[in-house]
Amino acid sequence: DLKMFEATGWVLEEATEEETALHNRIMPTVVRPAKQLLPDFNAGNNKEMELFQLSASYEIGIVRQFPFSSALQRMCVVARILGEKKMDAFVKGAPEVVAGLCKPATVPADFERVLEEYTWQGFRVIALAHRKLESKLSWHKVQNVARDAIESSMEFLGLIVMQNKLKPETPAVLEDLHKASIRTVMVTGDNMLTAISVARDCGMILPQDKVIVAEALPPKDGHPARLKWTHADALERAPE
484 DLKMFEATGW VLEEATEEET ALHNRIMPTV VRPAKQLLPD FNAGNNKEME
534 LFQLSASYEI GIVRQFPFSS ALQRMCVVAR ILGEKKMDAF VKGAPEVVAG
584 LCKPATVPAD FERVLEEYTW QGFRVIALAH RKLESKLSWH KVQNVARDAI
634 ESSMEFLGLI VMQNKLKPET PAVLEDLHKA SIRTVMVTGD NMLTAISVAR
684 DCGMILPQDK VIVAEALPPK DGHPARLKWT HADALERAPE
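Position one of the sequence shown corresponds to residue 484 (this note's numbering), numbered consecutively onward.
Treat the hints with caution; some may be incorrect.
[To be verified] Cut-off 30 Å, straight-line C-alpha distance, at most; resulting in silico cross-link-like pairs (DSS-like, lysine-lysine):
hint: 1; residue 1: Lys575; residue 2: Lys624
hint: 2; residue 1: Lys648; residue 2: Lys586
hint: 3; residue 1: Lys586; residue 2: Lys486
hint: 4; residue 1: Lys662; residue 2: Lys650
[Unchecked claim] With beta-carbon atoms standing in for the labels, derived distance ranges:
hint: 5; residue 1: Lys648; residue 2: Leu555; range: 21 to 29 Å
hint: 6; residue 1: Arg666; residue 2: Glu496; range: 44 to 52 Å
hint: 7; residue 1: Ala663; residue 2: Gly492; range: 39 to 47 Å
hint: 8; residue 1: Asp571; residue 2: Glu496; range: 30 to 38 Å
hint: 9; residue 1: Leu495; residue 2: Lys615; range: 38 to 46 Å
hint: 10; residue 1: Lys624; residue 2: Glu652; range: 36 to 44 Å
FYI, nobody ran anything at the bench for these hints, they're computed from the structure.
Just so it is clear, CB atoms sit at the ideal spot from N, CA and C, and this is done for glycine as well.
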């Protein structure tokens, strides 16, 4: 989250009493763009000002937060833009999971191909989605509404692509552990292809090693649950 705020220049602040009064509710957190991102009203260039969509008082109050869950692979916030009557819901998390919460028409046709291109290169990818909530959903109702009721019929916004570079000393440390016959494993919530790419970069997986991916499939159409085995080479095909 910190890296995303640094990249966008936005600021996350705890609400003061004045900000609480503006929102007419208790707001634990307020998000706003940095001052340098706001329009310069002294610039005198009306044409440029018309293209700028954020007002000088633009800010977003976080009404409720559904924290990240490793089981659900996502997190969600309900927010209200200052001056707006309706609230908005925003979700970020594992791309496949977030896409499954969205209206199919909003998910790009090349979603899987683009996701594979980035994960194949070892990037960490997070998906974003948004939904404008009904006007009848009040502040009090939001505090008690079920998470599933919020995280549905969303609109896909896009992907955030991040690179978590290996520390220079990592390969050497892993090599020392290998020489000492100490088994090393990776536990990660990242995409499988991202994990395999990082493992190859740091030497956990050697060039000659074959990787087999196990996928647990639930019962379907009268067939029992089963394990599906796939060679990683078949998944790690080079992007077209």
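Evaluated hints:
1. Lys575 <-> Lys624: holds, 22 Å
2. Lys648 <-> Lys586: With Cα atoms ~34 Å apart, Lys648 and Lys586 exceed 30 Å; violated.
3. Lys586 <-> Lys486: Given that 30 Å is the threshold and the Cα spacing comes to 29 Å, the pair holds.
4. Lys662 <-> Lys650: Holds, at roughly 20 Å.
5. Lys648 <-> Leu555: 21 to 29 Å: Distance hint for Lys648, Leu555 holds at roughly 28 Å.
6. Arg666 <-> Glu496: 44 to 52 Å: holds, 46 Å
7. Ala663 <-> Gly492: 39 to 47 Å: holds, 46 Å
8. Asp571 <-> Glu496: 30 to 38 Å: violated, 19 Å
9. Leu495 <-> Lys615: 38 to 46 Å: violated, 22 Å
10. Lys624 <-> Glu652: 36 to 44 Å: violated, 52 Å
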